[in-house]
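Asks: Spelled out, the chains give:
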Amino acid sequence: MASRPPDVAKETQAYLPDFCAAGAIFVVVLVSVLIAIVLTLASHTTPGTFLTELAKMSLFILWLGLLGAAILCQIRPWVEKFGQTQAFVIAFVLLELLSLALAEIAFQLTGIFGEAVIINDTHGGFILRTFAISSIIIALAMRYLYISSEWRRSIVLEAQARISALQALIRPHFLFNSMNTIASLTRSDPARAEEAIEDLADLLRANLGAQKDRTTLKEELEVAAIYQRIEKLRLGERLNVRWNIGELPMRALIPSLTIQPLLENAIYHGIELLPEGGEVIVTGVRNGNNLEIEMRNPIAADRSAHKGGNQMALANIRQRFELAYGGKATVSVEETDDEFRVKLCFPYDEHVV
Amino acid sequence: MKILIVDDEALARDRLSQILVDSDEHDVVGEAENGAQALEIARESAPDVVLLDIRMPGMNGIETAHHLNSFESPPAIIFTTAYDEYAIEAFDARAVGYVLKPVRRERLDRALERAARLSNITLSEIAKRSGISDLREHICAHTQGEIKLIPVRDVFCFRADQKYVRVQHRNGEDLIDDSLNHLEQEFADEFVRIHRNALIAVRQIDTLKKSSGGQTLVTLRDGPQGEDSALIISRRHVANVRRRIKER
Chain H
1 MASRPPDVAK ETQAYLPDFC AAGAIFVVVL VSVLIAIVLT LASHTTPGTF LTELAKMSLF
61 ILWLGLLGAA ILCQIRPWVE KFGQTQAFVI AFVLLELLSL ALAEIAFQLT GIFGEAVIIN
121 DTHGGFILRT FAISSIIIAL AMRYLYISSE WRRSIVLEAQ ARISALQALI RPHFLFNSMN
181 TIASLTRSDP ARAEEAIEDL ADLLRANLGA QKDRTTLKEE LEVAAIYQRI EKLRLGERLN
241 VRWNIGELPM RALIPSLTIQ PLLENAIYHG IELLPEGGEV IVTGVRNGNN LEIEMRNPIA
301 ADRSAHKGGN QMALANIRQR FELAYGGKAT VSVEETDDEF RVKLCFPYDE HVV
Chain U
354 MKILIVDDEA LARDRLSQIL VDSDEHDVVG EAENGAQALE IARESAPDVV LLDIRMPGMN
414 GIETAHHLNS FESPPAIIFT TAYDEYAIEA FDARAVGYVL KPVRRERLDR ALERAARLSN
474 ITLSEIAKRS GISDLREHIC AHTQGEIKLI PVRDVFCFRA DQKYVRVQHR NGEDLIDDSL
534 NHLEQEFADE FVRIHRNALI AVRQIDTLKK SSGGQTLVTL RDGPQGEDSA LIISRRHVAN
594 VRRRIKER
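Heads up: the protein sequence lines correspond to chains H and U, in order. The opening residue of the first sequence carries number 1 in the numbering used here; numbering runs sequentially from there. The opening residue of the second sequence carries number 354 in the numbering used here; numbering runs sequentially from there.
Source of the hints: derived by calculation from the structure; they are not laboratory data. Please read all numbers here as calculations on a predicted model, not as lab measurements. Treat the hints with care, as some may be off.
[Stated by the list, open to error] Over the 10 Å line for every Cβ pair with chain H, so calculated as not near, a few chain U residues:
no.: 1; residue: Ala363
no.: 2; residue: Gln371
no.: 3; residue: Asn387
no.: 4; residue: Pro455
no.: 5; residue: Asn473
no.: 6; residue: Glu526
no.: 7; residue: Ser564
no.: 8; residue: Gln578
no.: 9; residue: His590
[As the list claims (entries may be wrong)] Only part of the chain U face toward chain H is listed, based on derived beta-carbon distances under 8 Å:
no.: 10; residue: Asp367
no.: 11; residue: Gly411
no.: 12; residue: Tyr439
Cβ coordinates follow ideal geometry from the N, Cα and C atoms, glycine included.
With these hints in hand, go ahead and build the complete structure from the sequences.
Replies: Pasting the structure below:
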């Protein structure tokens, strides 16, 4: 089934980093000072004047760096519209012009301050040197930003692909079986058929609308509950689900489409293959700033005939947790002869970070 | 035509019988919710066609079909499936009767017209494509008009006995039609040949010893005990049996 890839937060899609942010400014200052130290060390020859030289150098480079950051901060929304390569070219040219202008101003200022600040070079020489050094450094910086933006984009794209793949993955079997159930109910029990169609519609809507990376626990659990109702029609007494989730804060955020696929796995690989059926147990625990959700389902003793398949959805969930929480979340799996367990541990957030 | 419906989902069975009841040509002789029940009903009511779901708990549709094939006059089989994209390729390639869920009347009618007995090779292919193991989990014995399903894990040994193969298992002994060579191939992971006329379950091997006549004998853990019941391992199979014991 075709579905649009979900829209991922704009921030990760931007090419240039946000230079208005305090973190970025700090890095600019740090890098400027480091460059000043390197340049002073390289050119310094007269003993006893290192610190003065460094101060002068830092003053100039910090001036350039901070003004550059301010410019990038202002032009970013505008320049992003041109596309990746153009954005970097425009930023490079603007910074280059800025450095030339500052070099010119600095040279003129030395005339006013006289002895205090001396540039031991001709006018043209100073401008040329400044231009050469700043070109190299700005080019390197742009290259670095370009690569890291490429890297971020590739991660995002990969994640989108996985979500789409997951959406495609959960459908066919379930969808056609449900349709068959509904076809059967339309004659024998029209009222239940009606409910089933409404449930199926809600479930499809939730799936098609899963463009948000994360959703509230409440919504995610509702989707799972609808899924459970539809499967219950099909499997009858064989399917039971116990939800021990009173402890979970319903406002908490969770990557969308996690609980429902896990329940789907538990039914498809567990309950459905047991002649007597069984009970899926979902337990939610709040552990300080962490939430834990565990899903357990019985499995047929001889599963050799039905191995494989559930790894895909699990790998998907794992990758999306990694993307959303970057190492602060775990997805663990435990399998015994007669039981399968998946446990999600993730930080308790109420707002998208 | 006499038709038997097999599906683990009640509503899926209802759907098929609703459609079949509408047409007067067919007669639903029974409904089963699992493979074992299907074999039981099929033996009693001898349907012409069995509508068989593939994915069922316990004994899946493919294994059920294999057992149905072992009947004296086997019924034709039509598989019903929701979405086994690879299996469907196999169905199409071999022009096998299958209907997709949700079941459409015309499709079912067409499949019923074409209903034919499936070969075991075809079944294996479909099993492979559906990601279902083609290994049987049961051995099917026909005794005095009755069907007996013996779980493979309960079997100690298979011994060729004239025209038949004798199965010794946890609950006694039965005769089956399968050939020893075929059983050896199908259950190669769990059974080992010890003699021209015998296969034993590797996990059942208790002790190996030499008889006074210099023959190697094996006793089985849960099999009949005592001197006389030890089985002879022929010389050419001894090395292989020892290797299998080490590997387990």
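Asks: If a hint holds in the structure, say so; if it doesn't, say that too.
Replies: Do the hints match the structure? See the list:
1. With a closest Cβ-Cβ approach of about 6 Å to chain H, Ala363 of chain U is found to fall inside the 10 Å limit, against its non-interface label.
2. Taking the minimum C-beta to C-beta distance to chain H, about 6 Å, the non-interface status of Gln371 of chain U is violated against the 10 Å cut.
3. Distance check on Asn387 of chain U: its Cβ comes as close as 6 Å (rounded) to a Cβ of chain H, failing to clear the 10 Å threshold; non-interface status is violated.
4. Once the 10 Å rule is applied to beta carbons, Pro455 of chain U is inconsistent with being away from chain H; the minimum gap is 4 Å.
5. For Asn473 of chain U, the shortest C-beta to C-beta distance to chain H comes to about 17 Å, beyond the 10 Å cut-off, and the non-interface label holds.
6. The Cβ of Glu526 of chain U lies farther than 10 Å from every Cβ of chain H, with a closest approach of about 23 Å, so its non-interface assignment holds.
7. Every beta carbon of chain H lies more than 10 Å from that of Ser564 of chain U, the smallest distance being close to 36 Å; the non-interface claim holds.
8. Even its closest Cβ contact with chain H, about 27 Å, leaves Gln578 of chain U beyond 10 Å, as expected for a residue assigned away from the interface.
9. Taking the minimum C-beta to C-beta distance to chain H, about 26 Å, the non-interface status of His590 of chain U holds against the 10 Å cut.
10. Look at Asp367 of chain U: its Cβ gets to within about 5 Å of chain H, closer than 8 Å, so that hint holds up.
11. For Gly411 of chain U, the shortest C-beta to C-beta distance to chain H is roughly 4 Å, which falls under 8 Å, so the interface hint holds.
12. The interface hint given for Tyr439 of chain U is violated, since its Cβ lies 12 Å from the closest Cβ of chain H, which is over the 8 Å cut-off.
Checked against the numbered hints given earlier, this structure breaks hints 1, 2, 3, 4, 12; the rest are met.
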